[in-house]
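Participant: Sequence:
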Amino acid sequence: MLNFVIDIGNTLTKVALFNGYDLKETHVFGGGAKEEVRNLLKLRSIDNAIISSVKENPEDYKDVFEGNVPLLRFSAEDSWWIDNRYRTPNTLGLDRLAGIIGAAALYPESNCLVIDAGTCITYDFIDSERRYFGGVIAPGLQMRLRSMNAFTERLPLVPIEKEFHADYGRDTSEAILAGAMTGTYHELFGFINSYITRFPDLKVLICGGDANFFVSRLKNSIFAHIVEPEPNLVLIGLNEVIHQYNDKNS
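Reminder that position 151 of the sequence shown reads as 151 in this note's numbering, one-by-one numbering, no gaps.
These are calculated hints, taken from the structure and not from any lab test.
Capping the alpha-carbon separation at 20 angstroms, the derived lysine to any residue pairs in SDA-like fashion look like this:
| hint | residue 1 | residue 2 |
| --- | --- | --- |
| 1 | Lys219 | Glu161 |
| 2 | Lys162 | Asp210 |
| 3 | Lys219 | Pro229 |
| 4 | Lys42 | Phe65 |
| 5 | Lys55 | Pro139 |
| 6 | Lys162 | Met148 |
| 7 | Lys62 | Arg44 |
| 8 | Lys62 | Ile46 |
| 9 | Lys62 | Leu2 |
| 10 | Lys203 | Asp83 |
| 11 | Lys34 | Pro70 |
| 12 | Lys62 | Leu41 |
| 13 | Lys34 | Tyr61 |
| 14 | Lys34 | Ile46 |
| 15 | Lys162 | Asn212 |
| 16 | Lys162 | Glu187 |
| 17 | Lys219 | Glu230 |
| 18 | Lys42 | Gly67 |
| 19 | Lys34 | Val54 |
With beta-carbon atoms standing in for the labels, derived distance ranges:
| hint | residue 1 | residue 2 | range |
| --- | --- | --- | --- |
| 20 | Glu66 | Ser173 | 45 to 55 angstroms |
| 21 | Pro89 | Asp171 | 39 to 49 angstroms |
| 22 | Phe189 | Pro156 | 26 to 36 angstroms |
| 23 | Phe164 | Val54 | 20 to 30 angstroms |
| 24 | Gly31 | Asn249 | 27 to 37 angstroms |
| 25 | Leu12 | Ala175 | 27 to 37 angstroms |
| 26 | Ser221 | Thr11 | 21 to 31 angstroms |
| 27 | Asn149 | Thr11 | 15 to 25 angstroms |
| 28 | Arg85 | Ser194 | 11 to 21 angstroms |
Backbone N, C-alpha and C define an ideal beta-carbon position, used for all residues, glycine too.
Whole structure, please, built from the sequences with the hints as guidance.
Facilitator: So, in structure tokens, the structure goes:
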């Protein structure tokens, strides 16, 4: 069974092809990717497709599949096997929901903290009984750096430096990096520490475009044994939705 998965984020569109649960291909495109998706489909025989978008009015992909493939547009209602205790489930970002579905699929018997480091950094927890209680939304790296520039008169806009790990800066640019990058690392560390004190068997799954800035430091910390980089977690979650949907309707 070949499943075609499309995840439209704030800045990137990610596409994946699964053979059952086996991830075969991934592609990343900037902005809308309708023609790119059309080209990918030309030489492939697809059984199912799913599309998820964080945007209010995502580009319509129905004509790309030409009605030949069952196309599921992912929504909050497509997670019935998860005990979603979020008070406003229809306002829960679909990328966050897909991430916790992916975590539960990969580690069904574990308590999981999902950290998605993208435009915003989100922290979402799902326990071993598939109960989702809620999460945290915090500014992402670029948002922190840009806001310091935008809301002050003299602070410059500083680019991210992947290898910057200092706890203090020796000039203004380094001080800004320490606040944004090292500050964010300590934020991640603090949330992980808070959860592991309550859930000793915790799994921490990290994804998102900025995850690579923090994974190496976390893998060299006291949490090395519980931190798992999973860049395709949202795609894995969307593929799980297809399987659950087919099982429900079989």
